[in-house]
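Undergrad: The primary structure of each chain is shown beneath.
2 protein chains.
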Amino acid sequence: MTETPSYLPSMGRLLNTLSEAACNLAEDYLRPHDISLAQWVVLSALWRQDGLNVSELSEYSSKKTAALSRLLDRMESKGLVSRSAVEDDKRSVKIHLTEKGQGLSHLIDMYKHVNGILLSDLTETEKEQLLPMLERMLKSVQVKSRKS
Amino acid sequence: MTETPSYLPSMGRLLNTLSEAACNLAEDYLRPHDISLAQWVVLSALWRQDGLNVSELSEYSSKKTAALSRLLDRMESKGLVSRSAVEDDKRSVKIHLTEKGQGLSHLIDMYKHVNGILLSDLTETEKEQLLPMLERMLKSVQVKSRKS
DNA sequence: TTATTTTAGTTTACATGTAAATTAGATGTC
DNA sequence: GACATCTAATTTACATGTAAACTAAAATAA
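From first to last, the protein sequence lines stand for chains G and L.
Note that my numbering has the first sequence beginning at 1, numbered continuously upward.
Note that my numbering has the second sequence beginning at 1, numbered continuously upward.
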């Protein structure tokens, strides 16, 4: 394992704080529309392609199907999506946007709002440097992690 | 609001993924010692200075006292910490390490393990660039956020 | 001093995540 | 075809976070 100079602060903590702050921004943006960030993630998948099944939503959102199952219950109760059976495979459940869910599709650009604020104080050069660095950090972590 | 070029991926999502991956690394590291990351954060405060009260732990950990209250219940049940009354202010509750909690103090360096992996694929120059950029992003977000 | 307001911590209700068990339906092997 | 195994989704138990209500005690104002 690489030794980290002890004067370096906890990168994990900084990333957590930053990530949480970005989530808060997103939640603030979505609050007037009465949807949570978790719900937005599901909707953003369906806005791109309606009728995905739970497994596909799981892959898209990086959430376990157990988490989705309950999230979809709530979204169904709120009238954002509906479940329907699949002909070929009776185990599978397709998720469809309702009219209400479809009606929120302009929120698909929410992440640009957050991006704009996050990056507002960086130069073009810095933005170009930042992305590959973060991606390499992610790769380093994923190699080491139990759960890839 | 600054316009973000649409080819930029969601920075928020990348930060989330990265932050979560770092948390997973930390949890993997702590699992054999049977403490969670949330519990480690509280312990790491107490290892530095024992006998903090709930408000001080709240500030240190950036968690609400409501979250801490229940977390401390569980940590008390597990025999990691104990609560005690404060003489001067009967509302306040001081938290102390038990012998068991103190015995885990070598885990205070856990974040260095995570840092090491996160930064393992970056050059010295890159590390020097990264930190100020992340800190400026954080500042940008916090200015815009409801909850500073 | 007494009444009002603040503050510290807890409790409750709820959203969300994980792991593990469960159910029902598909698939594969004999 | 029958049995074993795999897969999709759900359910349950639990940890954690937030917001809002509540309690008790301290501080302030009248």
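Don't read these hints as lab results, they were simulated from the structure.
Check each hint, because a few of them may be wrong.
Note: identical chains are not told apart, hence a pair may lie in one copy or across any two.
[What the hints assert, rightly or not] Calculated pairs, SDA-like style, for lysine to any residue (alpha carbon to alpha carbon, straight line, at most 25 Å): (1) K94 with P32; (2) K139 with S84; (3) K64 with S120; (4) K78 with A66; (5) K100 with S120; (6) K78 with L131; (7) K64 with S140; (8) K139 with D88; (9) K100 with T123; (10) K144 with L122; (11) K112 with L14.
Since the structure is predicted, the reported quantities are computational estimates derived from the model, not experimental observations.
Undergrad: Please sort K100 with T123 into within, between, both or neither, judging by C-alpha distance up to 25 Å.
TA: neither (39 Å within a copy, 49 Å between copies)
Undergrad: I want to check one pair: K94 and P32. Are their C-alpha atoms no more than 25 Å apart within a copy, between two copies, both, or neither?
TA: The answer is neither: 28 Å in one copy and 40 Å across copies each exceed 25 Å.
Undergrad: With 25 Å as the alpha-carbon cut-off, assign the pair K64 and S140 to within, between, both or neither.
TA: Within one copy only: 23 Å inside a chain, 32 Å across chains, cut-off 25 Å.
Undergrad: Between the shortest in-copy and the shortest cross-copy C-alpha distance, which are at most 25 Å for K100 and S120: within, between, both, or neither?
TA: neither (33 Å within a copy, 47 Å between copies)
Undergrad: With identical chains, the pair K78 and A66 could be close in the same copy or across copies; at 25 Å between alpha carbons, which is it: within, between, both, or neither?
TA: Only inside one copy: K78 and A66 sit 19 Å apart there, 28 Å across copies, limit 25 Å.
Undergrad: Between copies, within a copy, both or neither: which fits K139 and S84 at Cα up to 25 Å?
TA: neither (37 Å within a copy, 45 Å between copies)
Undergrad: Give the relationship of K139 and D88 under a CA distance limit of 25 Å: within one copy only, between copies only, both, or neither.
TA: Neither. Shortest intra-copy (37 Å) and inter-copy (52 Å) distances fail the 25 Å Cα cut-off.
Undergrad: Is it within a copy, between copies, both, or neither that the alpha carbon of K112 lies no farther than 25 Å from that of L14?
TA: Both: 22 Å inside a copy, 13 Å across copies.
Undergrad: Evaluate K144 and L122 at a C-alpha cut-off of 25 Å and name the case that applies: within, between, both or neither.
TA: between (30 Å within a copy, 16 Å between copies)
Undergrad: For K78 and L131, with the copy left unspecified, which applies at a CA distance of at most 25 Å: within, between, both, or neither?
TA: neither (37 Å within a copy, 42 Å between copies)
Undergrad: At 25 Å max between alpha carbons, let me know whether K64 reaches S120 within a copy, between copies, both or neither.
TA: Intra 33 Å, inter 29 Å, cutoff 25 Å: neither.
In the structure shown, a violation is registered for the earlier hints numbered 1, 2, 3, 5, 6, 8 and 9, in ascending order.
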